Amino acid sequence: MIFKTKLRATAAMLAMLAGGAAQAEVTVLGWPGGPEEAALRAVTEVYNAKADLAAENKVELLFTSREGFFDKLQVDLAAGSTAFDINLIATYSIGRYAPFMEPVTLSDQAGAVFGDTVLKTMQFNGAQYGVPTDLSLHFLYYRSDLIDALMADDAAKAKYSEIAMQYLGKAMEPKAPADWTWEDFVANALYFTQSINPDSPTRYGTVIQAKNLLFNMMVFHSWPRSYGGNWMDDSGAITVDSEAFRTALSQAKMLFDLGATPPDSTSYEYAEANAAYSSGQVAAMVQWNAAAGELTTAQAATGTTAPPAGPDGRYTHIHGLGLGLNKAAENKEGALAFLQWLSTEEAALAYAKAGGAPGLAAETAAKLAADRPDLVQVGEYASTYGFVMNGGTAEKALAVYEAQAKEFTGYWAGTQDLDTALKNAAASMAELLK
Amino acid sequence: MKQERSVENAVLAGPIVLFLLAILGFPTLLSLVYGFSETTFQTLTTPEFSGLKNFRDVTADPTFWQAAWFSLRFGAITAVLQCALGLALAVYLAPLVRRHGWTVAILIIPMIVAPAMMGLMYRLVLHEFAGPLPHYMYSWFGWSPSFLGPANVFKTLVVAETLQWTPFAFLLFLTAFQSIPDDLREAAAVDGTRPWRLFWKIELPLMMPTVFVALFIRFIDGFRVFDNIYTLVGAGPGGSTTSMSIYIYETFLRRGEIGKAMAAAILLFVSAFVILALAQRLMRRRTP
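Top to bottom, those sequences are chains B and C. If you count the first sequence from 1, you need to add 178 to reach my numbering. If you count the second sequence from 1, you need to add 2 to reach my numbering.
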């Protein structure tokens with residue numbers, strides 16, 4: 179009797195689960211565990227609540243884990259998985275996944291909502307492969323209390339000039355961070371390093387996340403780009419072994435050698451670098467815009483501006499996360515309808531209000547000025563300073579980042595010289611981007 | 003009667019043989035196919051035979067040899083350290099364990115933690131600004147070594163691996179030590195043999211087969227290390243902490259060079275097999 183009751187209860191539960199699953203016919207594999215997940219959940223609720231949406235086109239979300247996400251996605255897509263209709267893509271991995279995805283047509287509003295620069299972060303070989311949902315770029319974070327104290331103290335300014343003269347060969351004056359060149363960034367880092375200036379209130383002037391990791395190369399790229407560096411020229415020739423990369427790599431190396439960045443920096447990624455800055459022992463750093471909340475909470479006197487400038491101007495690497503169509507999707511029609519809606523102003527605003535970080539055109543961002551002032555800054559920097567390296571969306575772009583990470587971190591750690599690092603990087607890139 | 007038993011054996015062994023063929027045989031076969039083919043993620047189902055090209059590419063890749071040298075050094079050093087420490091602990095703590103068996107449970111705690119978790123834990127513990135170890139060193143001495151900096155990272159990894167897996171060697175040696183008949187020790191004591199001489203001349207020679215097995219197992223484990231290093235420092239600046247397993251993983255998933263990664267995996271398997279054969283031969287010679 180008890181057994182039969184249990185059996186009936188189990189059958190009823192399974193039927194309920196099956197019914198629930200049958201209602202959600204468009205499955206979206208999203209980026210798990212951060213503001214992106216919360217925002218995607220919020221807009222999905224808005225979409226599913228639409229009265230004219232057929233039951234078989236309702237959206238269900240699927241989240242796994244961030245650890246090894248893109249590797250697992252690669253295997254799933256290559257295997258022709260039908261477990262999801264829509265999947266996450268990133269600017270640097272579009273080329274890798276494009277053979278297993280289908281281009282999409284966005285809504286008529288997409289151009290006005292996101293702007294061309296941001297839409298391009300989801301394009302490969304001229305085709306649109308996804309809706310941009312979140313935009314990542316870099317800010318220069320600095321301790322405004324320390325900079326203000328330096329600017330107000332003549333003795334400190336003299337010391338600053340003396341240190342700049344000694345290490346950079348120029349008697350430089352301290353400046354407001356919004357006017358910094360990379361040389362100012364280096365001079366400031368040296369001044370705020372206790373091993374160079376025992377009076378420095380911080381142990382280190384900066385923190386460079388230099389683990390052998392592709393994302394760390396993205397943070398670094400704004401530096402050589404501002405000196406005119408690029409991966410390839412217009413003819414497709416590899417141009418990484420250039421004066422621009424040489425200058426940027428050498429300047430960073432100077433910071434490692436002089437102890438202006440923690441000696442463990444070669445094992446640092448996002449979290450470790452943030453912890454260093456948050457501890458109050460670092461004066462300034464270049465970091466992802468996503469860290470703004472964490473860093474300003476830990477150090478209230480934190481200012482943000484665009485990364486420093488070089489002779490070619492001021493630049494910030496940008497890349498987007500987005501959602502695109504799985505070639506093996508079982509409900510392409512429903513998936514395309516959701517993607518089109520996701521590229522409307524209604525969806526973009528809802529996504530932003532729920533904590534996402536879409537790269538919005540100035541006019542759209544202005545509508546969020548009260549709720550999300552940071553998005554106005556992100557939108558402005560993306561359109562003014564944003565860049566994607568030539569080849570940055572190629573099929574093997576991720577591997578290019580990996581190759582550079584290996585060679586450049588090796589140079590910074592002192593395991594190889596600059597010529598070898600650049601020669602090896604150029605050789606790997608020529609093989610990967612041919 | 004004999005034929006009946008043979009059929010019975012086949013029926014009983016059949017499921018496990020099929021299971022092993024499916025679980026181990028299929029991936030092995032696939033690895034062999036990919037190892038000798040030009041394969042990418044787009045051509046997983048249609049690999050093109052390319053002979054020994056992948057093996058030539060792997061052996062011409064300096065990063066492969068860098069990884070092989072790292073794995074060899076790491077495997078050898080950690081195996082020797084773990085076995086030396088494990089042996090010393092087993093002999094020293096044997097009387098205590100005999101009286102209080104539960105102490106073994108405490109001693110093997112590090113072994114229970116997943117290696118990936120261990121890597122993440124050290125990542126936090128050794129961080130200059132968030133980790134307790136550097137924090138107290140700065141508080142007490144005004145200085146802390148850069149545990150994960152280029153100069154110390156290899157030593158830190160060796161210490162972390164040794165601390166985690168010494169209990170494994172300890173368990174093996176404790177079992178071997180406890181299985182030595184007490185009659186031998188008593189006879190030696192009656193003859194007036196000193197403890198040090200008892201250890202060198204009687205106990206250690208009797209434990210030698212276990213020492214070889216422990217050294218072999220720990221070397222293989224150290225040679226193919228992946229999880230704790232990958233979560234702690236990744237491939238390392240300039241690939242300085244790239245083990246063979248990390249090399250294979252990155253070649254396969256990050257660079258998408260599936261054939262080359264499989265060729266490296268086959269070479270790793272063959273080298274482990276050769277080492278196993280040599281160790282067995284050595285053991286047979288040593289065993290009286």
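A few of these clues could be false.
[Unchecked claim] Derived pair list, reagent style EDC-like, types lysine to aspartate or glutamate, alpha-carbon separation capped at 20 Å:
| id | chain 1 | residue 1 | chain 2 | residue 2 |
| --- | --- | --- | --- | --- |
| 1 | B | K601 | C | D59 |
| 2 | B | K228 | B | D412 |
| 3 | C | K55 | B | E523 |
| 4 | B | K612 | C | D229 |
| 5 | B | K298 | B | E558 |
| 6 | B | K612 | B | E447 |
| 7 | B | K250 | C | D229 |
| 8 | B | K545 | B | E523 |
| 9 | B | K612 | C | E40 |
| 10 | B | K510 | B | D332 |
| 11 | B | K612 | B | D595 |
| 12 | B | K510 | B | D323 |
| 13 | B | K531 | B | E508 |
| 14 | B | K348 | B | D323 |
| 15 | B | K510 | B | D254 |
| 16 | B | K612 | C | D63 |
| 17 | B | K601 | C | E40 |
| 18 | B | K236 | B | E215 |
| 19 | B | K505 | B | E215 |
| 20 | B | K335 | B | E351 |
[As the list claims (entries may be wrong)] Covered by chain C, per the in silico footprint, the following chain B stretches (three or more residues, Cβ under 8 Å):
| id | region |
| --- | --- |
| 21 | 380 to 391 |
| 22 | 450 to 460 |
| 23 | 567 to 581 |
Worth flagging that the hints you see were computed from the coordinates, not collected in a lab. Here the structure is a predicted model, which is why all the values come from computation and not from measurement. Just so it is clear, CB atoms sit at the ideal spot from N, CA and C, and this is done for glycine as well.
Unmet hints by their number, sorted upward, for this structure: Per hint list: 2, 3, 4, 6, 10, 11, 12, 13, 14, 17 and 19 violated.
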